[in-house]
Amino acid sequence: MKNTLYVIKLKKNADNKKGAAAILNKAEESYERERENEYTLYGLNYENFKDKYDGERDGTEGIVAMICYEEENGRFYNQELYAGYCEVDSKEESMTINYKMLLHLEDPNMIHNLLDKLDLDLKADYESCSYVMINHFTELIRSFEDLLINSGKAKGEKEEEEFVQDGTGTEEEIPYELHELACHQNECVRRYRIKADRDRAAFQRDRERIVNSKAFRRLVDKAQIFGAQKGDHYRTRMTHTLEVNQIAKAIAYALGLNLDLTEAIALGHDLGHTPFGHQGERTLQAILSGTLPCIEFPDDGKACRTGCFGGFKHNYQGLRVLNKLEEKYVAHEGLNISCQVMEGVLKHTKLKEEISISDFADKETVAHLKLEERFTSRKKGYYICSTLEGQAVALADEIAQRGHDVDDAISSGLITVEELIAHLDLDKYHAIREELREEKSMFDTYERTYISDRELMAGRMVSAIVHYFINGAICYSRDRMEEYERPADGSIDKEIVTLSKADWDVCRYLEQIINRRVISSAEVARFDHTGNKIIYALFQDYYRNPRLLHKGTLQRIYSHMLQHEDASVRESAIHLGTGNMGIVKEEIRSIVEGEIGLEEEIDLPIDEFVRFEKRKILIRNITDFIAGMTDSYALQEYKRLHP
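Counting in numbering that gives the first Met the number 0, the sequence shown runs from 0 upward without gaps.
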């Protein structure tokens with residue numbers, strides 16, 4: 000966009016009518032014949048201009064607007080306006096504005112509206128013998144530029160582009176073939192046998208079950224960084240999931256991986272996310288670990304270090320959603336999702352040594368996935384997904400995160416494109432810096448009316464960033480796949496689908512920039528504070544009085560007690576939502592406040608063990624209920640309990 004507007008006033012019935020007519024004729028000629036012409040300042044007109052705008056003359060490109068009018072008794076009439084692009088050439092005794100007029104307005108309302116934006120008084124705002132002034136008001140310049148870009152003259156200069164057939168030049172389609180390291184359909188393993196369907200592949204069925212789940216639908220109202228009140232265009236867990244899916248499939252397609260498996264993992268990878276973004280996750284983990292005082296731990300809380308009530312992280316919770324919480328079948332809990340998809344969901348982000356996997360999946364699934372009760376970072380392949388499709392999703396999650404964090408940061412005004420590019424000034428960031436500069440250069444030179452410069456620029460920056468990382472991932476991963484020798488058991492024990500070290504450095508650096516500008520901003524801090532307050536308050540309310548829970552959650556608590564492996568727990572199960580109120584209240588008091596002990600303690604009284612197991616069931620189900628909430632539902636529930 001140009002940054003200088005030259006406003007020339009021309010009184011058509013001035014004393015020097017001949018001179019005014021000559022100036023007007025030049026403007027008309029420039030417009031009608033589409034040729035360049037000039038307006039020259041000299042004498043007192045030039046001296047006044049030079050004194051006022053010294054340093055803004057020579058070689059300056061901009062927009063020129065010539066306002067022509069007649070005046071009688073202080074009344075302006077017969078107005079017209081010419082506008083176009085110009086370049087200024089200064090000499091010792093004069094200055095010439097070389098212009099090409101592209102616009103001619105005679106509508107009095109349009110002219111008056113532009114003069115109003117200029118806040119221009121044709122009589123008072125020009126000094127005696129001065130006829131040119133400069134304006135740098137961005138919004139005004141944008142108004143003129145929009146008019147020029149969309150004028151008939153400007154459009155006539157552009158060649159009409161015909162529709163093109165995308166993909167021309169490809170003589171024949173190459174059939175899609177799976178790479179030998181890809182996961183094939185006949186390798187699909189799941190907990191329960193299902194009826195064969197010749198029209199649907201095994202991993203396709205996983206994808207369909209995930210898309211049709213309630214947990215997937217709830218992603219639409221779970222925030223990424225900003226809450227829904229920020230606006231309709233800011234990302235949610237649903238939009239993030241779809242972006243991860245798109246990026247993962249692009250990588251998988253280029254590498255010859257299983258697209259159905261890739262898509263199933265991508266669509267399910269964030270099913271375990273809480274309301275209010277990562278703050279909800281942090282709050283639940285703090286409660287379950289005893290960092291936030293809310294629940295009673297054995298031995299005055301010292302046992303919290305053992306993780307006796309489990310922990311919380313969204314990838315573990317995603318596994319629990321698929322394995323236990325979603326219901327589709329009469330015979331068993333969960334969606335009977337393949338082990339490959341569940342592993343991909345679990346390992347799309349880091350695992351935690353202190354979290355017990357047995358709280359999130361049944362023993363048989365844990366055993367088949369070769370997941371130990373406690374992970375250790377020393378174990379080979381600890382963080383590595385054994386399918387390349389799972390690795391592709393984990394990488395796509397990182398790429399999407401960098402892209403849309405930058406988008407939100409620019410769109411919300413927390414960082415400018417110029418600042419982002421300036422941050423990448425070191426030589427090691429040269430490649431991505433040049434891609435971003437090229438996008439910005441195209442934006443600056445292409446003439447079109449934009450609805451929002453900032454949002455469009457943000458979109459172009461994101462496209463460049465995502466494109467950079469996808470291409471880097473494909474090239475680097477393809478080389479690693481060619482060098483890799485698969486173990487005899489068929490599993491993958493190395494990180495194959497990944498970025499080069501140089502590209503990871505760029506990725507981490509972009510993350511640091513966004514953390515400083517966005518994640519650490521006051522706006523995000525307020526959102527996180529609200530989320531923490533709501534989730535903590537809800538957990539306290541439900542723990543102190545479980546009868547406030549949804550009836551479905553109360554039924555699940557009762558079912559889990561009835562299904563407990565220990566007979567003493569099964570045979571003392573009481574439904575906390577129905578039955579004799581006196582008995583229910585006493586049972587709640589016993590579970591919530593009674594003395595408890597851990598199973599491994601020697602000579603542990605049976606009643607303490609039973610209370611501990613019931614408390615664990617209660618706490619885990621409260622966690623499930625809150626983690627499954629949308630932002631709107633959590634806020635609504637908070638207001639209901641705290642009117």
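These aren't lab readings, by the way, just hints derived from the structure by calculation. Be careful, since some hints might not be right.
[As the list claims (entries may be wrong)] Simulated crosslink set (EDC-like; lysine to aspartate or glutamate; CA at most 20 Å straight-line):
1. K550 <-> E494
2. K51 <-> E92
3. K10 <-> E69
4. K99 <-> E86
5. K8 <-> E79
6. K16 <-> E27
7. K532 <-> E69
8. K349 <-> E437
9. K1 <-> D478
10. K8 <-> E91
Evaluation of the provided hints:
In summary, the hint linking K550 to E494 is not supported, as the alpha carbons are separated by about 44 Å, beyond the 20 Å threshold. For the hint pairing K51 with E92, the CA-to-CA distance comes to about 15 Å; that is within 20 Å, so the pair holds. Distance hint between K10 and E69 is fulfilled; the C-alpha atoms sit about 6 Å from each other, no more than 20 Å. Simply put, K99 and E86 have alpha-carbon atoms about 9 Å apart, close enough for the 20 Å limit, and the pair holds.
Proximity of K8 to E79 is assessed by CA-CA distance (about 11 Å); at most 20 Å being required, the pair is judged to hold. With a C-alpha separation of about 16 Å, the suggested pair K16 and E27 falls inside the 20 Å cut-off, and the hint holds. Under the criterion of a C-alpha separation no larger than 20 Å, the hint pairing K532 with E69 is inconsistent with the structure, at around 67 Å. Note on K349 and E437: the hinted pairing is violated, with a Cα-Cα distance of about 35 Å set against a maximum of 20 Å.
Taken as a hint, the K1 and D478 pair is broken in the structure, with Cα atoms around 46 Å apart against an allowance of 20 Å. With a C-alpha separation of about 23 Å, the suggested pair K8 and E91 falls outside the 20 Å cut-off, and the hint is violated.
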